[in-house]
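Use the sequences and the hints to build the structure in full.
Same order as they appear, the protein sequences are chains A and B.
Quick note: the first sequence uses the working numbering, first residue 1, plus one each step.
Quick note: the second sequence uses the working numbering, first residue 1001, plus one each step.
Just to be clear, a hint being listed does not mean it is correct.
Stated by the list, open to error - Here chain B is said to cover these stretches of chain A; the calculated rule only asks that three of the stretch's residues, wherever they fall, bring their Cβ under 8 Å from a Cβ of chain B: (1) 23–36; (2) 75–84; (3) 96–105; (4) 125–135; (5) 179–185.
Said to hold, decoys possible - So the derived list for chain B, only partly shown, Cβ under 10 Å to chain A, looks like this: (6) Ala1128; (7) Gly1138; (8) Thr1192.
As the list claims (entries may be wrong) - Taking lysine-lysine pairs in the DSS-like style, the calculated list, with each CA pair at most 25 Å apart, reads: (9) Lys1149(B) with Lys1176(B); (10) Lys1149(B) with Lys1222(B); (11) Lys71(A) with Lys227(A); (12) Lys71(A) with Lys1199(B); (13) Lys138(A) with Lys1133(B); (14) Lys1222(B) with Lys1199(B); (15) Lys1133(B) with Lys72(A); (16) Lys1194(B) with Lys1211(B); (17) Lys138(A) with Lys1199(B); (18) Lys165(A) with Lys3(A); (19) Lys45(A) with Lys218(A); (20) Lys1225(B) with Lys1194(B).
The set of hints was computed from the structure by calculation and includes no laboratory data.
Since this is a predicted model, take the numbers as computed values, not measurements.
Built from N, CA and C at the ideal position, the CB exists for glycine as well.
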Amino acid sequence: MDKVFTSAEAAIEDIFDGAVIAFSGFFSAGRPLELTKALAKKGAKNLTIVVQQVGTGNEEILELVVNGQVKKAICNYPFPRSATRGLEHSFEQAVRRGEIEMEVYPMGTFAEKLRCAGAGIPAFYTPAGVGTVVGEGKEIRVFNGTEALLETALPVDFAFVHAWKGDKEGNLVYHCTAYNYNNIMAMAGRVTIAELETLVEAGELDSNFIHTPGIFVKRVVETGRPKLEQAIV
Amino acid sequence: MRKVVVPEMPPLEREMIALRIANMLEDGSYVNLGIGIPTLVSNWIEGRDIILQAEIGMLKSGPLAEEDNIEQDRINASCQYVCELPGSSYFGIETSFAMIRGGRMDVAVLGALQVSANGDLAGWNNPARGLGKMGNIGGSMDLAVGAKKVIVAMEHFTTDGEPKIVMECTYPLTAKACVDFIVTNYAVIEVTPKGLVLKEAIPGVTAEDIKKMTAAPLTIAKDFKEMEL
Chain A
1 MDKVFTSAEA AIEDIFDGAV IAFSGFFSAG RPLELTKALA KKGAKNLTIV
51 VQQVGTGNEE ILELVVNGQV KKAICNYPFP RSATRGLEHS FEQAVRRGEI
101 EMEVYPMGTF AEKLRCAGAG IPAFYTPAGV GTVVGEGKEI RVFNGTEALL
151 ETALPVDFAF VHAWKGDKEG NLVYHCTAYN YNNIMAMAGR VTIAELETLV
201 EAGELDSNFI HTPGIFVKRV VETGRPKLEQ AIV
Chain B
1001 MRKVVVPEMP PLEREMIALR IANMLEDGSY VNLGIGIPTL VSNWIEGRDI
1051 ILQAEIGMLK SGPLAEEDNI EQDRINASCQ YVCELPGSSY FGIETSFAMI
1101 RGGRMDVAVL GALQVSANGD LAGWNNPARG LGKMGNIGGS MDLAVGAKKV
1151 IVAMEHFTTD GEPKIVMECT YPLTAKACVD FIVTNYAVIE VTPKGLVLKE
1201 AIPGVTAEDI KKMTAAPLTI AKDFKEMEL
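This is how it looks when you write it as structure tokens:
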């Protein structure tokens, strides 16, 4: 099974207006840079983006915002850490003006919503967020004396992921903490597109050390190793 | 909220709050450190048998990397480049939070904007920023409910001089009744079912001073003592 595309542009060509798209990555590690840049170039609109954070070490996502392509954002740590920087931040300002809808979840809930979507579990209960604004309006049940909130799975139309190595059949291996959301987003995507630092033939990866099996991945494209960026401290 | 007269004694530096907390950690513990003062605890545990978890997906997260050993794919949850140690491991965020919610973290050290008399924690959303119900939650809500012990590391007052230990939190909550210990630049306070108990104060500051500086009732511990570092 050959899932190789020759360019990021070709790999994302069928993305439609109104699509729900997950982008992997946590600050500087494990982001699908080239796929995101290609999406900015393509210009699909009214997108719902599912992403850890916007703009803090994630400039490519910010470009989608500046282009007016984003209708809604589902995040965990959306804004710059510094309130002062937030005042100059195009995403935060668009949210403040009500131009972009937002949902924010605790990190573990955000991850579990994606994992469940990939695992065929429509909803789950978690103790995180009980008694906070996150829990407002949500069903609460008590299990073994612990209150827990009902949260639902978050399936996505497309998932953009970044892998250290991958083979032509879509088996993926991640590197260090660039692992982060990649596996669960790959699982949650109806169409998962992986950009690879290195593309290899089937059989060249050690089958004992595959992080995401190829069944979760529809397309792969080799984009090379990203340039080192300074961490955001 | 009332303004208070602060003793002339200089409070602890942030590094020293971190040192006091490092001394509370037991060898053999798995520990998660939040952003801010908590991160500084890592500077005081070299040589200790303490394993740090970074919620981005790393166990046995090492010291900050120097210029010549930076690996661009290896960062902690504060987005700092870190080193690998013998026995380090990497995993996805789903596994990271299975550890956290699943009760595997012996201690979480978290920053806070306010802590209430019954141990409610408010730490993710400062209303002054004007973002309403939106904000940067990060891993704080999961850590607050999942860790076996939650230690708050914070300054005793806001930059405007308001006490951060209050009867009830007025800022949006991270979690209810989750805090076990509060370590500030003036004191160590334990949260017990009977309320807040003052365990230690820095040299030159009395228990009565701390009571005046705290906007929630404090009982003085039987074994109350001067803080040692």
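Practice task
Any hints from earlier that this structure breaks? Give me their numbers in increasing order, please.
Solution key: Going through the list in order, the structure violates hints 8, 11, 12 and 17 and respects the others.
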